[in-house]
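*Asks:* Sequence:
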Amino acid sequence: MVQTYFFGLIVGRKTNHCVTNFQIYFERRLTREQRWQTTTNVADGSITWLCPWVPSVNPDDIQAQWSIVLNIIKDASLIDLKDGWSWLANKSCLFSTKSMRRILEKQIGQNYGGFNYGNSWISGKVNFFFWRLMLDRLPCRTTLLSRGLHVDSVKCEFCETFNESTDHLFTKCSLARHVWCLLTLWCKIPSFRNLNIEAMIHEIG
Numbered sequence: 069m070v071q072t073y074f075f076g077l078i079v080g081r082k083t084n085h086c087v088t089n090f091q092i093y094f095e096r097r098l099t100r101e102q103r104w105q106t107t108t109n110v111a112d113g114s115i116t117w118l119c120p121w122v123p124s125v126n127p128d129d130i131q132a133q134w135s136i137v138l139n140i141i142k143d144a145s146l147i148d149l150k151d152g153w154s155w156l157a158n159k160s161c162l163f164s165t166k167s168m169r170r171i172l173e174k175q176i177g178q179n180y181g182g183f184n185y186g187n188s189w190i191s192g193k194v195n196f197f198f199w200r201l202m203l204d205r206l207p208c209r210t211t212l213l214s215r216g217l218h219v220d221s222v223k224c225e226f227c228e229t230f231n232e233s234t235d236h237l238f239t240k241c242s243l244a245r246h247v248w249c250l251l252t253l254w255c256k257i258p259s260f261r262n263l264n265i266e267a268m269i270h271e272i273g
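Counting from 1 along the sequence shown, just add 68 to a position and that's the residue number in this note's numbering.
Source of the hints: derived by calculation from the structure; they are not laboratory data. Nothing false has been slipped in among the hints.
Cβ pair distances, simulated, as ranges:
1) Ser259 x Arg200: 25 to 33 Å
2) Leu213 x Lys193: 22 to 30 Å
3) Leu149 x Leu217: 50 to 58 Å
4) Thr165 x Asp128: 43 to 51 Å
Glycine included, C-beta positions come from ideal geometry on N, C-alpha and C.
Please build the complete structure, drawing on both the sequences and the hints.
*Replies:* What follows is the structure, given as structure tokens:
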């Protein structure tokens, strides 16, 4: 059976979803009971829209809007199924997070600063954490202060010398540098120089 797609919908003979979407063309508010009364009558290849909620005597503006709607849907071919949503990014027409991810990757790129968000070797929580880190969305003290939240002090709690920014907390703080030094020794890789957030993401990504 061939399915007809119309305004992103699988169009059937019961046009509940279509009518809901077409309400933007009408100024009057329709009750839920009135919306479900809309049906179609197909005879000799001609479609007649049965809409008892449309007054038989219409003001000119409502009649004009109704004519616009009928003109839009006049070429729609109906199938003997109920209306339903279809995800056109998949051949199966079913939504999946994988297909959504492909769409996002095409639009904004898979990499951000050399870090691959889609790394399946890393847990989802870690991926999300690094994504927020790259966007400077972690709740460090300078970030909280810039958003209008009260903080007693913006100084780093570990070194108490510099302001606690994201870059300082993860790369510039003396404690952070010591941790990175131990990690590089443990992994037997050269130590990082001129470490910053972007370089760190590039090294571990």
